[in-house]
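Enquirer: Those sequence lines, one after another, are chains A and B.
Here the first sequence is numbered in our numbering, starting from 290 and rising by one per residue.
Here the second sequence is numbered in our numbering, starting from 290 and rising by one per residue.
Fair warning: there could be bad hints in the mix.
Pairs involving identical chains hold if they fit within one copy or between any two copies, as the list cannot separate such chains.
[What the hints assert, rightly or not] Below, in silico cross-link-like pairs of lysine-lysine (BS3-like), each with a Cα-Cα straight-line distance of 30 Å or less: (1) 445 x 580; (2) 656 x 318; (3) 541 x 554; (4) 478 x 542; (5) 713 x 443; (6) 445 x 530; (7) 478 x 554; (8) 580 x 330; (9) 667 x 678; (10) 660 x 530; (11) 318 x 445; (12) 318 x 667; (13) 663 x 530; (14) 330 x 443; (15) 316 x 548; (16) 443 x 542; (17) 584 x 656; (18) 329 x 663; (19) 656 x 542; (20) 584 x 330; (21) 445 x 542; (22) 667 x 713.
Hints listed in this document are in silico derivations from the structure and should not be mistaken for laboratory results.
Keep in mind the model is a prediction, meaning the values are calculated, not measured.
Protein chains: 2
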Amino acid sequence: MEIGSASGDKAGVFTQGRRWLNALPVKFKDKVADTATNIKKVGQDDPRRVIHSLKVGLALALVSIFYYYQPLYSNFGVTAMWAIMTVVVVFEFSVGATLGKGLNRGMATLLASALGVGAHHLANLSGHVGEPILLGSLVFLQAAISTFLRFFPKIKARYDYGLLIFILTFSLISISGFRDDEILELAHKRVLTIFVGGCACVIISIVVFPVWAGEDLHNLIALNIEKLGNFLEGFGDEYFKRTGDAESKDDKKYLEGYKSVLNSKTGEESLANFAAWEPGHGRFQFRHPWKQYLKVGTLARECAYRIEALNGYLNADIQASSEVRSRIQEACTNVSIESGKALKELSLTMKKMVQPSSADSHIENAKSAAKNLKSLLKSGLWEDTDLLKVIPGITVASILNEVVKCTENIAESVHELASIAQFKSVERTVSPEKLHSGQPQNIKSAQMVNYSHVVVNVRESTMAASPSEISSAPKAIKHNMEV
Amino acid sequence: MEIGSASGDKAGVFTQGRRWLNALPVKFKDKVADTATNIKKVGQDDPRRVIHSLKVGLALALVSIFYYYQPLYSNFGVTAMWAIMTVVVVFEFSVGATLGKGLNRGMATLLASALGVGAHHLANLSGHVGEPILLGSLVFLQAAISTFLRFFPKIKARYDYGLLIFILTFSLISISGFRDDEILELAHKRVLTIFVGGCACVIISIVVFPVWAGEDLHNLIALNIEKLGNFLEGFGDEYFKRTGDAESKDDKKYLEGYKSVLNSKTGEESLANFAAWEPGHGRFQFRHPWKQYLKVGTLARECAYRIEALNGYLNADIQASSEVRSRIQEACTNVSIESGKALKELSLTMKKMVQPSSADSHIENAKSAAKNLKSLLKSGLWEDTDLLKVIPGITVASILNEVVKCTENIAESVHELASIAQFKSVERTVSPEKLHSGQPQNIKSAQMVNYSHVVVNVRESTMAASPSEISSAPKAIKHNMEV
């Protein structure tokens, strides 16, 4: 019986093995198809990624001329490899990151080379036995101190890479000096090739389809505010929906968009750090107030926390009774839609870089709608109702009230940004239709949006945009919006 | 008059200059004092930073022996610099990060060297003119493809550095081959020195005061849950405080602690990525379920969003009337304190790595307190009150109800973690006092905590901890708690 069972097992293993083998081509095909979709998705999410990859290839191919071209090679020899190394490690996705790393690497190499040569000469004086001891101690000391400096938050944000390269170069130069007395020439060649490699990166990243971290930050913050607006515009309809009105999940993607705002802090901060390295570009001047974007971003995140709380009530087990709902439906929906409109208007004016005054009217509407909601709650319509059925409704109303406050804060910070960064004021010649041409219309309630009450400021200003400038802006933004 | 004003200006400038010069020593002194405090703070926040800096210095001093020691230098020559480079770029703060980078660098170097040598031989076949063209194209292609791969989120999380080194090594080896025919030896020496450098990093980082990313992640999650618990324990007292009961701001630090939880996602994810590289250490086995910590972390963050909403009501302009407050005070405070206790108990059991069953009773208490609160609201005590004065109170109650749900979710995920990671069950021999010896008692309401109803499981288990093991755990944790 034991044998039988064993042979049965064996047959089983064989059958399983055959089945597995038969399934292999199918599995393999699935895997390949899966990978292909994945590749396509990564490329489509941001086509700039494909371009960036080609740019890195180009830069590398360019600096390898150091090896191929005889006159260059006879000058630089193997130090040419520093140019290649520089390109590989310095070339980053955005211009700001590339410039930051390049400048860090350049300055650190220069400084560390000088100090390294100094250390070498100092060590030279201390005799054959003392030299390695002194050199070793110096290397130990500078590595420990520089490593410790990298823990300081401010230094880490901007000069982390510079310190790394400082440790590296100082160690290499001072230690190499122990074996090679032509250390000055070595340092000189290294600085030169690193300079060439760094320049290749910076020039290619600026000239060939540049990706500006500053522009990305600008668009990210505007997009985040728009996402909050999308949720709020749709929230009223969603919360007070009639049964049977169930839409497909795809239509409700805008209700999930805000979730990415909750965790966007790290991304925003690194973009702002990169942007600080960038020269003026496009619509942004050199000292554009990037820090102010972080303030706007923080306030947007605070609003997103409130929205997260609202979202909890969309799918809560205990809902307000339909009677209660129908009573507060109009007021709540108004507050929500007007806040949403205000946020989307703010986002739009940010994208166009015009004064955000057109959002003010929506904020006023939202505030008065919130007041209406309050007096509705006060009016004692509730006394005959079971309070437990009222609570979810009241909580939603209360959170919406908070959302209005958050919206006001965001608007204030965007106003501040607009005045620091000298955004243009909207000219009368720009028709509201044109101003809104870039706005996505994928939301049901957007049909209800009435643009006729957009406030249009008339200001005599040399900075005022020509209509063509404003209406052409969305095209430039569009391909950059997904960060 | 013009002249007079100019000389006046000049005198002004001089006076200003003198004043500035006089102020300089004071300013300088202030600056130095400031920097000194800053340095002290960075070191005190986490003393492991100082040790890490010394470890990097030590590793660098060690590998520079490649240069100083004649027999080694005559073997390796200038390729010894790769050992130094490896140490500088691979040595990271935690063992996991160092191991991950080291393995990435090692594997990528090996693979890229092999492919680079292959490319060199292929190019050799294509004649003197074709060689640089073929080499250039190959370098371009692999750089573009590898750079594109770095955009895939899964690859970026674990193999980003490996791909960077792959591009670097392939380019260097294949291009160097154009000039140097001893390319095989070059590749061989490079792999060997990088191996030595990498080993030096890994060994020093494991042997000398190791910093384990896994342990840090474990402590970070436990600390985050504790912070939420601290807020909730203190919230009741704070919200319903009698006027004149104002404490100094220092005492209220625990009310702000939760804010760091809101933005901890990125940190948690990178720690989990590093931890995945680490071997078993201390109380953690090799395949410890680090991913489960991310789940617990996400749920803790969701709870933190609710707490952020609660916090908004602490400082709101419109408060519930004192009548309303006094009515709901007891029930709300109970819910809040019991949830807080449950979370702190969960955090404590996590720190001790014991089954979290002792938190269950608090969760039951919190749930029944929430039920009480509900029936209190239902009891129609309100009919004669102005509803607008009731709303903030009702909202707070409603959010507290959500917090109880979040606490349940966190407890569930911690239970799951405990069962996957096979946490020990608490033995009867461990007295509750001992179990709680590590708990901070800095909170006013902690005086009210009654530990007598801690559930103590008795289980016959080979994994059960001896009392001494459990009571000695806090010491080991303490110095690692600040991440």
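Enquirer: With reference to the structure, classify each hint as holding or not holding.
Expert: Outcome of the hint check:
1. 445 x 580: both (17 Å within a copy, 28 Å between copies)
2. 656 x 318: Neither: 58 Å inside a copy, 52 Å across copies.
3. 541 x 554: This pair counts as both: shortest intra-copy Cα distance 25 Å, inter-copy 25 Å.
4. 478 x 542: Answer is neither: 56 Å inside a copy and 55 Å across each miss the 30 Å cutoff.
5. 713 x 443: So residue 713 and residue 443 fail the 30 Å test inside a copy (33 Å) and across (42 Å) alike.
6. 445 x 530: neither (50 Å within a copy, 42 Å between copies)
7. 478 x 554: For residue 478 and residue 554, the Cα distance exceeds 30 Å both inside one copy (41 Å) and across copies (44 Å).
8. 580 x 330: between (32 Å within a copy, 25 Å between copies)
9. 667 x 678: both (17 Å within a copy, 9 Å between copies)
10. 660 x 530: both (23 Å within a copy, 28 Å between copies)
11. 318 x 445: between (46 Å within a copy, 25 Å between copies)
12. 318 x 667: neither (65 Å within a copy, 61 Å between copies)
13. 663 x 530: Cα proximity of residue 663 and residue 530: in one copy and across copies (22 Å, 26 Å).
14. 330 x 443: Between. Shortest inter-copy distance 14 Å satisfies the 30 Å Cα cut-off; intra-copy 36 Å does not.
15. 316 x 548: For residue 316 and residue 548, the Cα distance exceeds 30 Å both inside one copy (35 Å) and across copies (47 Å).
16. 443 x 542: Between copies only: 24 Å across, 38 Å inside.
17. 584 x 656: Answer is within: at 23 Å inside a copy they meet the 30 Å cutoff, but 39 Å across does not.
18. 329 x 663: This pair counts as neither: shortest intra-copy Cα distance 51 Å, inter-copy 52 Å.
19. 656 x 542: within (27 Å within a copy, 33 Å between copies)
20. 584 x 330: between (32 Å within a copy, 26 Å between copies)
21. 445 x 542: between (37 Å within a copy, 26 Å between copies)
22. 667 x 713: Cα proximity of residue 667 and residue 713: none, with 43 Å in one copy and 55 Å across.
Consistency note: the structure conflicts with the earlier hints numbered 2, 4, 5, 6, 7, 12, 15, 18, 22.
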